[in-house]
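Novice: Next come the chains, spelled out residue by residue.
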Amino acid sequence: MNGNEWSWETFFDALPVVMEGLSITVGLTVSSFLLALLFGFVWVFLRRIPYKPLNWLFTWMMEFIRSTPPLVQLFFIYLALPVLPVIGITLSSFASAVIGLGIHFSTYIGEIYRAGIESVGKGQWEAATALNFSKRDKWTKIILPQAFPPTIPMIGNYFIIMFKEVPLASTVGAAGIMYMANNYGSQHFNYLEAITIVGIIFLVLSYPSAVLIRKLEVKMNTRFDKNAKIKEIKEIDKGAML
Amino acid sequence: MDNIISIITQVAKGLNITISVLLAAALLSYFIAFVAGLCRLSKNIFLRKFTGLYIEIFRGTSLIVQLFWFYYAIPILFNIDLGSNWSIGVIAIAMNYGAYLSEVVRGSILSVADGQTEAATALNMSSFQRMRLIIFPQAVRMMLPEFGNYTIQMLKGTSLVSLIGMGDILYHGNIMRSTNLSQAPLIYLIILIFYFVLALPLIWLTRKGEKIAKKGVAS
Amino acid sequence: MAEPIVRYEDVHKSFGDVEVLKGIDLDIYPAEKVAIIGPSGSGKTTIIRMLMTLENPTSGDIIVDGTNLWKMEKNGEMVEANEKHLRSVRGDIGMVFQHFNLFPHMTILENCMTAPINVKKEDKKEVRERSIQMLERVGLGDKLNNYPSQLSGGQKQRVAMARALVMRPKIMLFDEVTSALDPELVGEVLEVIRDIAKNDDMAMVLVTHEMDFALDIADKVLFLDEGVIAEQGSASDVIEHSSNERLQGFLSRFRG
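Protein chains in written order, with UniProt numbering: chain A, 1 to 242; chain B, 1 to 219; chain C, 1 to 256.
Looking at chain A on its own, in the form it has when it is part of the complex:
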């Protein structure tokens, strides 16, 4: 094994080693995704504060987090937090990665929530008011049940996107498949096969999920389309009656 050409021997040698990292990779994905779902709500809440300066502050905070590299954010959490005076805390690799990726992607999830809420027409709010719903009931019985379903495919997409971003965690030492592959590579001076395995694992896992979500999306779209078609037919009929 001189590391200068492709070797199936190396490939099958590296396969079990890399696979050992799979549970960490999946664990990182699920944990950071859940954190992002939760924090997404926090952003929605923060940005609804009816006080201009605060509103402005949170809007730009969100913009800052989403337009700077998650890699640097991970370094900040893992390397900089522990040495901060007074409030410094040391987090494990795993926790750093979950917090870093969770917060980074919460800014996207928050926008999806917001779009979902805004997609509910003004008339629904007015109808709920006219029926004298309490503020709490307005949200839980009228707005959220309508706002949530259309966002499901988009949120599902972010699960896949986050799964693919998890290898970044290897840079702060979280031992997922990427970390294992790099580790194997440095021990055997032979990275190609191990990295290829990582690529294949991602492809095998993310492609079917992407197909599933696309199906879900089409299903939801056709539901709306059917309504559109009924409306169109009614309009044509109306035209004929004129």
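You may find that some hints are simply not true.
Unchecked claim - The calculated label-pair distances, taken between Cβ atoms and stated as ranges, are:
(1) Ser-127(B) - Lys-22(C): 29 to 37 Å
(2) Pro-75(B) - Tyr-51(A): 40 to 48 Å
(3) Asp-81(B) - Tyr-51(A): 44 to 52 Å
(4) Asn-118(C) - Glu-118(A): 39 to 47 Å
(5) Gly-121(A) - Lys-22(C): 42 to 50 Å
(6) Arg-48(A) - Lys-49(B): 44 to 52 Å
(7) Asp-13(A) - Gly-165(B): 24 to 32 Å
(8) Arg-214(A) - Gly-249(C): 33 to 41 Å
(9) Phe-15(C) - Ser-127(B): 17 to 25 Å
Claimed, not checked - In silico EDC-like cross-links for lysine to aspartate or glutamate, where the CA-CA straight-line distance does not exceed 20 Å:
(10) Lys-121(C) - Glu-136(C)
(11) Lys-214(B) - Glu-118(A)
(12) Lys-141(A) - Glu-126(A)
(13) Lys-198(C) - Glu-188(C)
(14) Lys-43(B) - Glu-103(B)
(15) Lys-164(A) - Asp-114(B)
(16) Lys-170(C) - Asp-201(C)
(17) Lys-211(B) - Glu-63(A)
(18) Lys-220(C) - Glu-3(C)
(19) Lys-71(C) - Asp-92(C)
(20) Lys-84(C) - Asp-61(C)
(21) Lys-121(C) - Asp-92(C)
(22) Lys-170(C) - Glu-3(C)
(23) Lys-71(C) - Asp-10(C)
(24) Lys-198(C) - Glu-110(C)
(25) Lys-215(A) - Glu-56(B)
(26) Lys-143(C) - Glu-110(C)
(27) Lys-211(B) - Asp-13(A)
(28) Lys-49(B) - Glu-103(B)
(29) Lys-208(B) - Glu-126(A)
(30) Lys-215(B) - Glu-110(C)
(31) Lys-43(B) - Glu-126(A)
(32) Lys-43(B) - Glu-83(C)
(33) Lys-211(B) - Glu-111(A)
(34) Lys-170(C) - Glu-188(C)
(35) Lys-71(C) - Glu-55(C)
(36) Lys-215(A) - Glu-103(B)
(37) Lys-214(B) - Glu-111(A)
(38) Lys-220(C) - Glu-188(C)
(39) Lys-164(A) - Glu-56(B)
(40) Lys-43(B) - Glu-80(C)
Just so you know, the hints here were simulated from the structure itself, not pulled from any lab data.
Note that CB positions come from ideal geometry on N, CA and C, so glycine has one too.
With chain A fixed as given, assemble chains B and C onto it according to the hints.
Specialist: Below, chains B and C without anything else, positioned relative to chain A:
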């Protein structure tokens, strides 16, 4: 204060790489996006399937994996030296985001209303004229916001080239931290601000693009 | 009478399992104004869409000025027409759509100019003058540099007519051009059509629900019902003397 200035000067040494990688990768990815997007709409089934495969592979794996794969695989499998890690970084980022953007190109072209094609046919335009004069100019306007968004993603993606030894702003910050452990918070904060400042014009362009797309006409 | 400029010979059209047109035979003469009426879903629009090459017939022939539109000769055999053939035949046909289909990224002047310049390769300056004249004729001379999104529905439809007229077609097709308009805007569009009908000598085919208007300007009225031409003749023949019960029923809905 001296601290901050010395960090800024150190980190700024990487601007050159960060910006040149971003510009080259962005231009290359736009090119790939149009070629692949049009191939996906081609009548040639082989071309369609082949481009589809490229898109699924690059969207199905992550940029960091692709970057390392290019880094290790290209010299071994194809026995070519791309000359520098700079080219590897540019190619990896461009291939990755080119795949995503090609779907934007395809989707925008498909979303131009059928009535537009019909009106162009009624004016006796050829299929090439329909594409060039009617469909494409409208589709491009619709693409603008997504191209802006993905360019911001590419800027974020450039930080990965530090992992293959390119001296971008993150790389120079990392070096400084390794000799100055207690400065880590300030160093990484300044790096983040660097990226944010670079992102600002892109954010502004994206918003402008959104307005143009919404109006459907050049302002 | 002169030779027909358009002839349909036993034209059938199916969408999937549904046969929309079940054998259409029809002659349209130069300068003739033809109105097609009938209940919705009877295939009126499909008839003119096939002539514009937006829909291909399932069987039968459409002859335009002596040339078969959808078939061409190749090695002594008649085969399905390619794009080049379609373009060479449909050049004399223009169409106005229900939903206007103006190009939103062009000003209304550019909307009128793009086809003569790019398709017919005409002189830009001459096309510009002609386009301005045409837009003035439809009453939009003061909006040349506006974009379609800045116009009302009636104005958009008038631009669409100017755009078609600038191409100097021999046959103009109108596909329910007032159906998508607010009632108060219908009049201005009908006025323009009446003006064209009176002053231009092109053939016109109107698919319409504006019954009184159609009967007023048409030389020939077709009543299309369940995929066949159930009745045809001059307006007075069809309206007053027809014994077709379905036609009478259809008309009575407009008379209230």
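Novice: Between the beta carbons of Arg-214(A) and Gly-249(C), is the distance compatible with 33 to 41 Å?
Specialist: violated, 49 Å
Novice: Just to be careful, I want the Cα atoms of Lys-141(A) and Glu-126(A) compared with a cutoff of 20 Å; is the pair within it?
Specialist: holds, 14 Å
Novice: Is Lys-208(B) close enough to Glu-126(A), meaning Cα to Cα at most 20 Å?
Specialist: violated, 33 Å
Novice: Are the Cα positions of Lys-211(B) and Glu-111(A) separated by 20 Å at most?
Specialist: This hinted pair holds, its Cα atoms lying about 18 Å apart.
Novice: Against the 20 Å threshold, does the CA-CA distance of Lys-198(C) and Glu-110(C) hold or violate the hint?
Specialist: Violated - the C-alpha atoms of Glu-110(C) and Lys-198(C) are around 27 Å apart, more than 20 Å.
Novice: For the pair supplied as a hint, Lys-43(B) and Glu-126(A), is the alpha-carbon distance within the 20 Å limit?
Specialist: violated, 50 Å
Novice: Assess, step by step, whether the Cα of Lys-71(C) is no farther than 20 Å from the Cα of Glu-55(C), and give holds or violated.
Specialist: Roughly 14 Å separates the two Cα atoms, so the pair holds.
Novice: Would you mind confirming whether the straight-line C-alpha gap from Lys-215(B) to Glu-110(C) stays at or under 20 Å?
Specialist: Holds, at about 17 Å.
Novice: Please work out if Lys-84(C) and Asp-61(C) have their alpha carbons no farther apart than 20 Å.
Specialist: holds, 18 Å
Novice: Going straight from one Cα to the other, do Lys-220(C) and Glu-188(C) come out at no more than 20 Å?
Specialist: Given pair Lys-220(C), Glu-188(C) is violated - Cα atoms ~23 Å apart, limit 20 Å.
Novice: Taking the CB of Asp-13(A) and the CB of Gly-165(B), does the distance hold inside 24 to 32 Å?
Specialist: holds, 27 Å
Novice: Tell me if the straight-line CA distance from Lys-215(A) to Glu-103(B) falls inside 20 Å.
Specialist: holds, 17 Å
Of the numbered hints given earlier, the model fails hints 2, 3, 8, 10, 15, 24, 27, 29, 31, 34 and 38; all others are met.
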